[in-house]
Amino acid sequence: EVQLVESGGGLVQPGGSLRLSCVASGFTFSSYSMNWVRQAPGKGLEWVANIKQDGSEKHYVDSVKGRFTISRDNAKNSLFLQMDSLRAEDTAVYYCARVRAVVTLYDAFDNWGQGTMVTISP
Amino acid sequence: DIVMTQSPDSLAVSLGERATINCKSSQSVLYSSNNNNYLGWYQQKPGHPPKLLIYWTSARQSGVPDRFSGSGSGTDFTLTISSLQAEDVAVYYCHQYYSLPWTFGQGTRVEI
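These protein sequence lines map, in sequence, to chains A and B.
Each residue of the first sequence is one higher than the one before, starting from 104 at the first, in this note's numbering.
Each residue of the second sequence is one higher than the one before, starting from 33 at the first, in this note's numbering.
Honestly, the hints are just simulated from the structure, not real lab data.
Just to be clear, a hint being listed does not mean it is correct.
Unchecked claim - Calculated pairs, PhoX-like style, for lysine-lysine (alpha carbon to alpha carbon, straight line, at most 25 Å):
#1 B:77 / B:56
#2 B:83 / A:155
#3 A:146 / B:56
#4 A:168 / A:155
#5 A:146 / B:77
#6 A:161 / B:83
These numbers come from a predicted model, not from an experiment.
Please model the entire structure based on the sequences and the hints provided.
Rendered as structure tokens:
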């Protein structure tokens, strides 16, 4: 069974940093591109970043470019999101999500974690 | 960026009746080389992560009931629930994965 478990969320002041983690199990992690998607309270879904299966390509939504860094450790079946210079508008539940097919960025997301809440407030 | 616009924002449907959700993209998500529309649909219930229902516009994800179907091409897409069940109450999102950044529709709330 595919499992994705996020951690690392919490309450941080504006300008602060957080590092989110997502530990994967039940599949060959190194074969799949991965994504971070966030959802502000009561709002819709916003894609944040993705990374190819080998880490060779990374992409970000404009609003987080230069502040967030996506990375992965295939040996530890783990995905990360380093979030710096955090702003109130970054407050959201952050989900990690797996792409449906192997060796591609361009596919729907077939497995999602339960999410970790990030709150940015003074 | 490709803007995804869903309609309606919410709808109420009687049990056993059909529910139709529309999604329009600001530019085509059809890749001519493989004739695939890079469009998916998700269902999200309160307190839960999204669940993939449909990918490539009309391919049903494993385990998804066949009352859920997707159609469309280019810029106009539809998710249909043929006979609404109580467990289908949720918010539904369309998602384009044709052009980065990936984008989602604003969501459509389906109620009984």
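For each hint, the structure was consulted:
For the hint pairing residue 77 (chain B) with residue 56 (chain B), the CA-to-CA distance comes to about 23 Å; that is within 25 Å, so the pair holds. At most 25 Å may separate the alpha-carbon atoms for a hinted pair to count; residue 83 (chain B) and residue 155 (chain A) meet this at roughly 22 Å. This hinted pair checks out: residue 146 (chain A) and residue 56 (chain B) have alpha carbons roughly 19 Å apart, not beyond 25 Å. With a C-alpha separation of about 17 Å, the suggested pair residue 168 (chain A) and residue 155 (chain A) falls inside the 25 Å cut-off, and the hint holds.
Straight-line distance between C-alpha atoms of residue 146 (chain A) and residue 77 (chain B) comes to about 13 Å, which keeps the hinted pair within the 25 Å bound. Pair hint residue 161 (chain A) plus residue 83 (chain B) holds up; C-alpha atoms about 24 Å apart against a cutoff of 25 Å.
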